[in-house]
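4 protein chains.
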Amino acid sequence: MTAQPFVVVAGVGPGTGASVARRFAKAYPVVLLARGADKFENLAKEINDQGGKAIGISADVSNAESLTSAFQQIEKAFPGAAAAAAVFNAAGGFVRKPFLELTEKEFTSGWEVSQKGGFLFSQHVLPFLLKHAKDSSAQHPPTLIFTGATAGIKANALMATFASSNFAKRALAASIAKEFAPQGVHVAWANIDGPIDIPGRDDYRKNLPAEQKINPDDIAETYWSLHTQSKRAFTNEIDIRTSLEKW
Amino acid sequence: MTAQPFVVVAGVGPGTGASVARRFAKAYPVVLLARGADKFENLAKEINDQGGKAIGISADVSNAESLTSAFQQIEKAFPGAAAAAAVFNAAGGFVRKPFLELTEKEFTSGWEVSQKGGFLFSQHVLPFLLKHAKDSSAQHPPTLIFTGATAGIKANALMATFASSNFAKRALAASIAKEFAPQGVHVAWANIDGPIDIPGRDDYRKNLPAEQKINPDDIAETYWSLHTQSKRAFTNEIDIRTSLEKW
Amino acid sequence: MTAQPFVVVAGVGPGTGASVARRFAKAYPVVLLARGADKFENLAKEINDQGGKAIGISADVSNAESLTSAFQQIEKAFPGAAAAAAVFNAAGGFVRKPFLELTEKEFTSGWEVSQKGGFLFSQHVLPFLLKHAKDSSAQHPPTLIFTGATAGIKANALMATFASSNFAKRALAASIAKEFAPQGVHVAWANIDGPIDIPGRDDYRKNLPAEQKINPDDIAETYWSLHTQSKRAFTNEIDIRTSLEKW
Amino acid sequence: MTAQPFVVVAGVGPGTGASVARRFAKAYPVVLLARGADKFENLAKEINDQGGKAIGISADVSNAESLTSAFQQIEKAFPGAAAAAAVFNAAGGFVRKPFLELTEKEFTSGWEVSQKGGFLFSQHVLPFLLKHAKDSSAQHPPTLIFTGATAGIKANALMATFASSNFAKRALAASIAKEFAPQGVHVAWANIDGPIDIPGRDDYRKNLPAEQKINPDDIAETYWSLHTQSKRAFTNEIDIRTSLEKW
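Chains as they are written, first to last, in my numbering: chain E, 1027 to 1273; chain P, 1027 to 1273; chain Z, 1027 to 1273; chain X, 1027 to 1273.
Don't take each hint at face value.
Because identical chains cannot be distinguished in the list, a pair is counted as satisfied if it fits within a single copy or across any two copies.
Claimed, not checked - No more than 27 Å apart at the CA atoms, straight line, and that leaves these computed lysine-lysine pairs for BS3-like:
#1 Lys1131 to Lys1065
#2 Lys1257 to Lys1157
#3 Lys1180 to Lys1272
#4 Lys1272 to Lys1160
#5 Lys1180 to Lys1232
#6 Lys1232 to Lys1257
#7 Lys1239 to Lys1160
#8 Lys1052 to Lys1065
#9 Lys1079 to Lys1052
#10 Lys1102 to Lys1079
#11 Lys1239 to Lys1272
#12 Lys1123 to Lys1232
#13 Lys1052 to Lys1102
#14 Lys1257 to Lys1272
#15 Lys1123 to Lys1272
Honestly, the hints are just simulated from the structure, not real lab data.
Just chain E, same shape as in the assembly:
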């Protein structure tokens, strides 16, 4: 008998990560990865309380050892199980600053999370996705989704760090998508184009009307649609924005 497949969400916070976890938890046990346990504790509890299954694991996606340890814990929690889906929802280096004032550390922060993190996470999770691809009882092709941003398509002034690491993340997703599609793994990059409506976030988004902010639950719904696509109709790149967003 095949063990029930799990889903991993890397970069769980109050916004997209939480919504995605909730959505996929309707069908699969979910693993919540975040650096700090405060990011996933309440969410795991909420999902478990509502009849789903969730475990949270502290992990730093930019650190190979940390991820290796996290996936060992996953294997212990779900012995022999494959991954039905994985979402890489982490991004770093959101710095808006004159180029000559950027520190090397700031510039590196984009690379650390968005690129190295995306690379390491993909290397750790792909074996579990490939396992699901070989499982003839799998309901949907295994899916790896990268949450991206318009900075992955358009590099603006003062955004050298975020734009370069987001362009790189998009390229990473595309290269992986092409290599693993013939093996049955569905990889997609989503351009989340605009501010996300994150509960409790006290920044420039606070005073924007709701209809100008992307609803993370709706992002999750679209991610779920991607997951349910058949091998004969994969979407590899998708954009998501509100009806009021300029593009």
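Using the hints, position chains P, Z and X against chain E.
Chains P, Z and X only, in chain E's frame:
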């Protein structure tokens, strides 16, 4: 009481058009537009037999009068109704030929259907979509989907006609998308990247294995997902290909 | 002995066309095509007075017969000569208007000039460019340059006509570029991104400071650089904008 | 009196770097940066012997201290001088390998050179370019050119490292271009699309016919054309390929 909204599919044939019509017919009455009645008669019968509702209307999308007459028939069939969705599934000018051997007529054929057709169809159907956008009981935002191809993104040698008219169709979709999104209409362009598995089609596709051909039912499923997106998470451009397609 | 090759500029006006004609006239006799003789008479006189050689021919690029007649006149003026370069500088359909207010005639005007015009002009001039490609005494590879605009890359709201025909023009250029490069013809598309500083033009550009307007003489200089590229380093797409332009 | 401006080429080897140095040495003293002195010694001698002026400095572009030291040496060699142009010709991480076999070190190598190197080099050279922008006797706007590759536009399977770092380099170039253009600095990214004809290179390129390999002298000529563009006609992105290259 609001009249039940309808869905129009322009360019109904045995492939994508039929699959889309069947999928949307599960939720709405559908109008099938094609130049020849042979394209829609069996399909309309099939949908009606299975408990759905479909009417077929002969129309040439590249001819304003023909479209005007078609929409008058639609209004008669569904008095006062809005359009919940519309799919422009027509394309012209698929000619693979040395550039200097192209006739003006051949080159024009791409423009006629893909561009002028897209323009005229959009002008005729948008008022009905806008009406749905104002209907507070509408279940999903009104959706206008253009079926495109990779030739809308990449122009290859010997494909001047198809590529130029497909690039133009993509631009048309994007311009309309941006203008009407704030009014609540969701416009999307889908890059159908690869051969479609069209029943009974006796061409180069015949001997391709099924997994190398996009399943039109799966395209329809993705179109349906686009239709169900909320105003706070519209997708405007999407690609669809098999797991074996090179891109 | 080989006849001296000529250069054709289609769409000569007071801006880019005139500058390009003047620049290429330093090296080649130039043919000026425009619908009305008033567009090229003074320019031809100026070039001839300054020791260059120019002839003007009235022609409508969207009309095959008109172009055929024009090229017959060219052959008479330059018997047996090849074309060293050709510049398609015509564009139609610059209409900024709500989509539902566009007339079919307006929408068609973009197609007529930018697409059908580009198609017909290319078909007429390519045999002369191919002839130059076979001339071992040719100094530079024959060059066909399409003047484009940002509307060929980005389709904005209210710009359905101009954007769709410019997207199409870019695709046309790319398809021709790929087909004819192996035969030694260099085809390039130039994105002229921003307002051009056209002498005597009395529109929104009038009050813009000069440094926000692209200098047509500088466009001509870049076109000349494209022309002098070797077969081992062709540029096929290029953008040109002022240092103050947002992109 | 203004000190004569210099030009810096980072990543000098036998191919593009050497050709660019030779071309710009016709007009300016050139600084050759490479990790090992063997990369620039002969070239510096050649340029100096032929009446130009060149100095070579050992530097690692991925190391801030190394670059700081290099620019101190430049200031000593050219006291008070501005930079007329700078070319970032370094790239790292050209690894063709199944994704799951990539080591973290290999993946990081792309970042180190192409991104961090591009970042650090730009931060060091921009003050000298800005100085030239303020020099009213400058003949051409100061120019910063990034040598890129098609991997900066298209991410293929097995190329995750090179593609992601090249996408990032393109974004870096664009972000810098937009920030510094209003201050008069011209930044361009060049897509060198195909194998370069590098003298003495003993790899897969060896047996390709010359016409399938991009001539580095021709690349240099195009870079020079970019440098001579006026502020009213900057090119920010350009592609360069042979007439036989597929794209």
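Checked hints:
For the identical chains of this complex, Lys1131 and Lys1065 are intra-copy neighbours only, at 24 Å inside a copy versus 30 Å across copies, given an alpha-carbon limit of 27 Å. Taking the shortest alpha-carbon separations for Lys1257 and Lys1157, only the intra-copy value of 16 Å comes in at or below 27 Å, while the best inter-copy value is 37 Å. With identical chains, the CA atoms of Lys1180 and Lys1272 are at most 27 Å apart both within one copy (13 Å) and between copies (12 Å). Taking CA atoms no more than 27 Å apart as the test, Lys1272 paired with Lys1160 passes between copies only; the shortest distance there is 21 Å, against 42 Å inside one copy.
In this assembly of identical chains, the alpha carbons of Lys1180 and Lys1232 lie at most 27 Å apart only when taken from the same copy (25 Å versus 31 Å across copies). Only between protomers do Lys1232 and Lys1257 lie at most 27 Å apart by alpha-carbon distance; the minimum there is 19 Å, versus 40 Å within a single protomer. For a Cα distance limit of 27 Å, the shortest separation of Lys1239 from Lys1160 across copies, 21 Å, qualifies, whereas the shortest one inside one copy, 39 Å, does not. In this assembly of identical chains, Lys1052 and Lys1065 lie within 27 Å of each other by CA distance solely inside one copy; the values are 20 Å within and 41 Å between copies.
In this assembly of identical chains, the alpha carbons of Lys1079 and Lys1052 lie at most 27 Å apart only when taken from the same copy (9 Å versus 33 Å across copies). Taking CA atoms no more than 27 Å apart as the test, Lys1102 paired with Lys1079 passes inside one copy only; the shortest distance there is 15 Å, against 53 Å between copies. In the homo-oligomer, the alpha carbons of Lys1239 and Lys1272 lie at most 27 Å apart both inside one protomer (12 Å) and across protomers (25 Å), since each shortest distance falls under that limit. In this homomeric assembly, Lys1123 and Lys1232 come within 27 Å of each other (Cα to Cα) only inside a single copy, at 22 Å, whereas the closest approach across copies is 35 Å.
When the C-alpha separation of Lys1052 and Lys1102 is checked against a cutoff of 27 Å, the pair qualifies only within one copy, where the shortest distance is 22 Å, while the shortest distance between copies is 44 Å. Within a single copy, Lys1257 and Lys1272 get their C-alpha atoms only as close as 33 Å, which misses the 27 Å cut-off; across copies the closest is 14 Å, which meets it. Taking CA atoms no more than 27 Å apart as the test, Lys1123 paired with Lys1272 passes in both settings, with 23 Å inside one copy and 18 Å between copies.
When the structure is compared with the earlier hints, no violation turns up for any of them.
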